[in-house]
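Asks: Residue numbers (our numbering), protein chains in the order written: chain A, 1 to 245; chain B, 1 to 245.
No wet-lab data here; the hints were simulated from the structure. Take these hints with a grain of salt, some might be off.
One copy or two, either will do: identical chains are not told apart, so a pair holds if it fits within one copy or between any two.
[Claimed, not checked] Dumping the calculated DSS-like pairs for lysine-lysine here, alpha-carbon to alpha-carbon at most 30 Å:
(1) 43 x 111
(2) 38 x 111
(3) 171 x 117
(4) 134 x 164
(5) 178 x 134
(6) 73 x 134
(7) 57 x 184
(8) 90 x 148
(9) 148 x 168
(10) 25 x 148
(11) 218 x 90
(12) 96 x 25
(13) 90 x 184
(14) 38 x 96
(15) 43 x 231
(16) 148 x 218
(17) 54 x 117
There are 2 protein chains.
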Amino acid sequence: MDHSVIQAFSTFTENERMINLMNEKLEEWYSMYFPELKTGSPKSYATFVIEYGKEKKAADEKGLEKIFSEYAKHVAKIANESMGADPDDKEYALIKRIAEQELQMIELNDKILEYIKESAERLMPNVTAMIDYKVAAELLTKAGSVEKLAMMPASTIQLLGAEKALFKHLKFGSKPPKYGALFKLQEIANANREDRGRIARVYATKLAIAARADAFSKNYIADRLNEDLKKALTRNKKHDNNQKQ
Amino acid sequence: MDHSVIQAFSTFTENERMINLMNEKLEEWYSMYFPELKTGSPKSYATFVIEYGKEKKAADEKGLEKIFSEYAKHVAKIANESMGADPDDKEYALIKRIAEQELQMIELNDKILEYIKESAERLMPNVTAMIDYKVAAELLTKAGSVEKLAMMPASTIQLLGAEKALFKHLKFGSKPPKYGALFKLQEIANANREDRGRIARVYATKLAIAARADAFSKNYIADRLNEDLKKALTRNKKHDNNQKQ
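When you get a sec, could you build the whole thing from the sequences and use the hints?
Replies: Structure below.
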């Protein structure tokens, strides 16, 4: 079970990279015919190629809205004024297939993500009740198994995924990292720079307890942990404010 | 036209890399369930997963022959004696989709290759009549266009694709390269080590003439060139023999 989630997560990560690579190729190719169009997202670029790539001037604003929402008007304009020709049938058939392949890979990755969510929640009910399941899956991947994660001290969990930065710190004396995979949590990424380390530490402390429950006691204690987490975060903040005064 | 072939070739190369990456992930994952099976080719591995991945012991020799030909017996044996369990339905559904995606990418790349063949033959009838169209497409990609290829001296064509080795030679004094993309020609790859440079030179000389015909005169002179090529190769050989005596 641990290994299935880990495999799924590593396939997901690799696939994401491949989708971007594939879109780069698609854009490189199709930009011969529509140099003005820039990729907002791989998905919208590929969808445009499939629906309007053979005759871009036929793209109407209404259809484009489904792909580009608020940018539809802009895309309609540049499609109409484009200095690019349209590809011939043979070449277009190929370009279109590449775009279709890309969409299929995106779809596949959504399925993989679903699977990761379900299995991570089953495997680590406490950890996934506290943090985003993708971050939970990454912690699990770095640790190797729920048991191994549960046996790590909070300080190690805090830095999981920051191995390179930690190595640089130990070897060359650069600044020590304050968080690894945990940085992907909204609560940390969106916090002020100077608060992030502290918040990561609080999360890591509670996650260590959650992981132990998931691995050993199998009790569901996440509601209590989430409350503790909230308290610890505000307490810590107050403490900071006191210090500042 | 030049650019379409170049785009197609670069997409083909990138795709090939992606197919291998995808198969690595597939093998990493499915090897949890069938650790004894090694990838002969990505295609056969993926096909096995699709057809027998849910219940590997059900694989009969006859069905396996279509996938593994002479290795069918061996695969049937290791499938039967495997120490791996079978994946559950949910996980298998995902693994199977990855395998299907991989096969689709292989299929797509076959289509791209077809397109490269057709367009390279149309664009460079003389060059492709002398060498494999894939090598021709690679030379074209390195040169940038048929015109540019046609304006290169034979010595440059001989080393197209060996830029790194040439740079190392000029900068650090390592051994100079004797061939670049041309090494992929059967006639050169299968030749004796000490003959390869000479054969590459002969090819490059005739290819330079062929490229000029493709770019400028548009005459079809490949039959004559091929004869010249054959003569030059045997003459050169005789010359070598004479020297040795």
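Asks: Does each hint hold? Answer for all of them.
Replies: Going down the list of hints, with the structure as the test:
Taking the shortest Cα distances, residue 43 and residue 111 sit within 30 Å of each other both inside one copy (15 Å) and across copies (22 Å). Taking the shortest alpha-carbon separations for residue 38 and residue 111, both the intra-copy value of 27 Å and the inter-copy value of 26 Å come in at or below 30 Å. When the C-alpha separation of residue 171 and residue 117 is checked against a cutoff of 30 Å, the pair qualifies neither within a copy, at 37 Å, nor between copies, at 53 Å. Proximity of residue 134 to residue 164 under the C-alpha cut-off of 30 Å is restricted to the intra-copy arrangement: shortest distance 21 Å within a copy versus 41 Å between copies.
When the C-alpha separation of residue 178 and residue 134 is checked against a cutoff of 30 Å, the pair qualifies only within one copy, where the shortest distance is 20 Å, while the shortest distance between copies is 50 Å. When the C-alpha separation of residue 73 and residue 134 is checked against a cutoff of 30 Å, the pair qualifies neither within a copy, at 35 Å, nor between copies, at 42 Å. Taking identical chains as interchangeable, the C-alpha atoms of residue 57 and residue 184 are never at most 30 Å apart, the minima being 41 Å within one chain and 43 Å between chains. Proximity of residue 90 to residue 148 under the C-alpha cut-off of 30 Å is restricted to the inter-copy arrangement: shortest distance 25 Å between copies versus 54 Å within a copy.
Proximity of residue 148 to residue 168 under the C-alpha cut-off of 30 Å is restricted to the intra-copy arrangement: shortest distance 24 Å within a copy versus 47 Å between copies. Taking identical chains as interchangeable, the C-alpha atoms of residue 25 and residue 148 lie at most 30 Å apart only when they sit on different chains, with a minimum of 23 Å there against 40 Å within one chain. Taking the closest pair of Cα atoms, residue 218 and residue 90 come within 30 Å of each other only across two copies (23 Å); inside a single copy the shortest separation is 59 Å, beyond that limit. In this assembly of identical chains, the alpha carbons of residue 96 and residue 25 lie at most 30 Å apart whether taken from the same copy (12 Å) or from different copies (26 Å).
Taking identical chains as interchangeable, the C-alpha atoms of residue 90 and residue 184 lie at most 30 Å apart only when they sit on different chains, with a minimum of 28 Å there against 44 Å within one chain. In this assembly of identical chains, residue 38 and residue 96 lie within 30 Å of each other by CA distance solely inside one copy; the values are 17 Å within and 34 Å between copies. Within a single copy, residue 43 and residue 231 get their C-alpha atoms no closer than 41 Å, and across copies no closer than 55 Å, so neither meets the 30 Å cut-off. When the C-alpha separation of residue 148 and residue 218 is checked against a cutoff of 30 Å, the pair qualifies only within one copy, where the shortest distance is 15 Å, while the shortest distance between copies is 69 Å.
Proximity of residue 54 and residue 117 under a CA criterion of 30 Å is satisfied inter-copy only: 22 Å between copies versus 38 Å inside one chain copy.
Checked against the numbered hints above, the structure violates hints 3, 6, 7, 15; every other hint is satisfied.
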